[in-house]
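Chain D is already provided as a structure; the job is to place chain A on it using the hints.
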Amino acid sequence: MSSYDDAVVGVPDLEVLASEQYDEFVASHADVDPDNDQPRRFQKITAATALEGSLSIAGGLAIALLMRTLLHWQGLMSTFVFAYVATLVLGTVLLRSVYGMLAARDRVMTSLIWSVGLLACCLLAWLLGFVLLKGVSKLSWTFFVDDLGKTSALNKGGGMRHAIIGTVQQVGIATIASVPIAVMTAVYLNEVQGRIAPLVRFIIDAMSGLPSVVAGLLVYAIWILSLGNGFSGFACSMALVILMLPTVTRTAEEILRTVPGHLREASLALGATRWRTVSRVVLPTARSGLLTAVILGIARAAGETAPAALTAFGSSTTNVNPFTEPQANLPLTVYQLIRSGNKQQLERAYAGACVLILLVLVAFTLARIISIRGEKTRR
Amino acid sequence: MSALPGPLADPSVNVNLLDEPRRPDELRSLGDRIYTGTATASATVSLVIVGMTFIFLLWQSKGVFKIVSPWEFLTKSSWNAGNQSFGVGGLIIGTFLIAIIGLAVAAPVAIGMALFINEYAPRRLRAVLTSVVDLLAAIPSLIFGFWGFFALMPRAAPIARFISEHFSAIPLFRVAEGTPDFKQSGFVAGLVVGIMIIPIITSVSRDVMSQVPRELCEGALALGGTRWGMIREVVLPFGRSGIVGASLLGLGRALGETIAVALIISFEDQANWHVLEKGAGAVAALIVTRFGEASGAERSGLIAAGLALFAVTFAVNYVSRRVVARTAKDWAVR
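Those sequence lines, one after another, are chains D and A.
Here the first sequence is numbered in this note's numbering, starting from 1 and rising by one per residue.
Here the second sequence is numbered in this note's numbering, starting from 1 and rising by one per residue.
Some clues are possibly wrong.
[Claimed, not checked] Cut-off 30 Å, straight-line C-alpha distance, at most; resulting in silico cross-link-like pairs (DSS-like, lysine-lysine): (1) Lys278/A with Lys343/D; (2) Lys183/A with Lys134/D; (3) Lys76/A with Lys66/A; (4) Lys343/D with Lys183/A.
[Claimed, not checked] Cβ pair distances, simulated, as ranges: (5) Arg155/A with Leu346/D: 17 to 23 Å; (6) Gly228/D with Pro70/A: 23 to 29 Å; (7) Arg280/D with Lys62/A: 50 to 56 Å; (8) Lys62/A with Met67/D: 56 to 62 Å; (9) Ala294/A with Val145/D: 22 to 28 Å; (10) Leu119/D with Gly82/A: 45 to 51 Å; (11) Gly228/D with Ala104/A: 43 to 49 Å; (12) Trp114/D with Pro70/A: 26 to 32 Å; (13) Ala47/D with Trp273/A: 51 to 57 Å; (14) Leu366/D with Ser210/A: 25 to 31 Å; (15) Arg280/D with Ser210/A: 30 to 36 Å; (16) Leu70/D with Arg155/A: 20 to 26 Å.
It should be emphasised that the hints constitute simulated quantities derived from the structure, not laboratory data.
Even for Gly, the Cβ is constructed at its ideal location relative to N, Cα and C.
Isolated chain A (complex conformation):
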């Protein structure tokens, strides 16, 4: 027996002398059963974590709901531990304001980047650019906040001034009379958050756009189309739901961004519609800025705020994944 080669030499292997074919899905050995069990158990860990997030955040936030009703908590916009007033309504709007500014910056750049890597860049440059995007994704948000505060903000302030002087017809870009302060604003935070979400939008939309059937692209070119014509008529329509989904995914990340936003903005407990001016509100920033000093009802209020943030980002992520997944289905039929 010991002369048998390979796995058969191992006495733990059950050599089937009747030589019946073994079905791969048949779980014979104990080892296999342990293996499947371990894998399944590991897979359930993530389910348990997400389940616990909902249950425990809900349970531990009950303290604040003795003071304010859940409805009040979600709609009122003031946060003051002194007079026990807790409301995140304005902060949720503020979070969306910053995230949408970020998305407006990131989406065009990221889509251009995806097109560049897929369609324009020479082969060698392609690898370099993929590395650039991946590295951008690996940089911690603290570093982005740090750079945004010390390097970008002094240079972004003149841009904000320029926008406020020339586009004040749009209410969002208006600023107060006198000498407005353009630093520590929602605009700067949005810029930084936008740069942070470029990698995720780029990689997801690039993935989708690289699934375009090559014969469609070549057909467009063979008909005499220009490259941009090919992109506009074939690549972009094909990748549309992927691009929309990727942007939503980026929006989800932007909503949950904490440290970079907390470092840059001068925190306010409500939404600041004058996005170019100093002061902005965001839920995640509230949690880290207030946590150190908070106690009792305020801490449970912060947990409730975290729960609200979790629910919003979960919903946005869910929708975006569904939208991304639609691309393959839409085009499989044609």
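Chain D with its partners taken away, still in its complex shape:
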């Protein structure tokens, strides 16, 4: 079958049209009424499609349950997967006999792609639900005001004050350091468009794929090994800067690109200098988008574990000075608690993971609200 034939359904050859076979063609397409030919609609659920769908699902389930009892399968997962595949195969066979291969393939692909979308939503819901439900019950007041310095691993009590302080300080320093550089880099790429712009864009792309553990190793190799400093929260901030830079730059550049060119031209035509155009026109126009980029960058940095393990190293006591001595942070502490493997520590890890995901959710929602508002005011 050539590729042309495949895209075209039910259109007869001109010769066929001319011949007496025309009647035969009409008869074979009895569901098409030539006097009342409706345009074909996507996604129209009629009684017929519903019936065909439920028939295939019922058949698929029946086959899967039969296989399950005959072959003694354990667990629901394999039965479910098999039922799904059987439903699709059955549906193809059924639809093919009624409407022909092309329509059957179209319908089966439609259900396949819809189920992929559903699967992604279910995965996200499962993940969020699991972490939140498991963790919320373990949260308490002491979780936020106490650290693990005096609490022994096997006892109840203790909290993650030290980790929360660490996360706030490290991410704060990283944000202050990286956001101006990232925004100016984006300005360079989109407004200045200097000579090294293609190279910079390439390097930013490469950096955005940099494994986070390598960023940690880099800071370890330079700051701690070569310069002889100890583990500290500040070292972790530097690693986070390396990770935030490409994220914020790329988003910021995309946002600057959406600033209409006529605004720049109007400003330049009025005699404003380049810098005034950027600082008074371009950046204010892009403000909400830039804020979104920064918040998403913060969310990413707050969840990074691997670089913290190599630079901040972690601690069980509160260290409010990010510049000396090892410091904890939230993801690293959760990781170390899971690793320790005992039940009491695991409960703390559940609570920590819950706080971490709440943090990400809040940041994400905030970013969404700001960007939606920004779009509205610009119109």
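Leaving out everything else, chain A in the frame of chain D:
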């Protein structure tokens, strides 16, 4: 003068009385020069960081190369600080094994997701699904590892058993005799890594596929093509290099994934070809699991391992960006 409106009221603005047209690329004021300089300096920061990564990782890994040769380091597969044996050959293979399992899971789902958002979903659902994908991208890898270990692993183990029982003809899916342990395996790690790279593959391939000239799609439909026919004959051929590039980009991310993999696998210092069974090796996992206890030559060995990982992911990313960029060129000619 002060009656002048707007920027002219500002005394720092140089009002040109001769009224010559000013060229936009002419850098007159000091402010402009400072601005261009700052922007250029900021842009060079990233160049410096990447340059330093290579130089310092190379320099600080020299300690391990006094013990083993670089070739031995890259090909031997054993890691033991006790008898000073450092080799990441097996770990590199193990990293690729996990990443390829992840890609095999993620690519079909992500491409389906991209098609769903672009072609199938009703307008309202489209915004919701974009948010779902973005949120999935924003979730920290620690959380994925956490969920993978406690929620997914107990449910994935029966699937692994099922695969090993029914597809043992394929060598990769064979397991040892007796009572094999299906937890903490490369397969489970691959599943989790796969879920983690769905967002990046989805968003990049969606971007490319939304550039399909609309008249081509409408032409296919007007000829009586079904929607799937249109996708197969127009959207997918158009987006092919974008999809391949996006998948490679996902592979790059999967190779560098650290914490989720380290949490899930039971670490081994070599590749485990029985991917369904407990135990797997990966370079990034080696670095975080060994770092705390390591000292001296082993630490420099870990830095060398990081350098190897960096080189591999850099290469994969470079190739994928090139492939993605090709779409626009290929179709611009036609």
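Hints, one by one, checked against the model:
1. Lys278/A with Lys343/D: Distance ~22 Å between Lys278/A and Lys343/D Cα, so the pair holds.
2. Lys183/A with Lys134/D: holds (21 Å)
3. Lys76/A with Lys66/A: Satisfied, since the Cα-Cα distance of roughly 16 Å is no more than 30 Å.
4. Lys343/D with Lys183/A: Holds, because 19 Å separates the two Cα atoms, which is no more than 30 Å.
5. Arg155/A with Leu346/D: 17 to 23 Å: holds (19 Å)
6. Gly228/D with Pro70/A: 23 to 29 Å: holds (26 Å)
7. Arg280/D with Lys62/A: 50 to 56 Å: holds (51 Å)
8. Lys62/A with Met67/D: 56 to 62 Å: holds (60 Å)
9. Ala294/A with Val145/D: 22 to 28 Å: Since the Cβ atoms of Ala294/A and Val145/D sit about 35 Å apart, the hinted range of 22 to 28 Å is violated.
10. Leu119/D with Gly82/A: 45 to 51 Å: holds (46 Å)
11. Gly228/D with Ala104/A: 43 to 49 Å: The hinted range 43 to 49 Å holds for Gly228/D and Ala104/A, with Cβ atoms some 46 Å apart.
12. Trp114/D with Pro70/A: 26 to 32 Å: violated (51 Å)
13. Ala47/D with Trp273/A: 51 to 57 Å: This hint holds: roughly 53 Å between Cβ atoms.
14. Leu366/D with Ser210/A: 25 to 31 Å: Because 27 Å falls inside the window, the suggested range holds.
15. Arg280/D with Ser210/A: 30 to 36 Å: holds (33 Å)
16. Leu70/D with Arg155/A: 20 to 26 Å: holds (23 Å)
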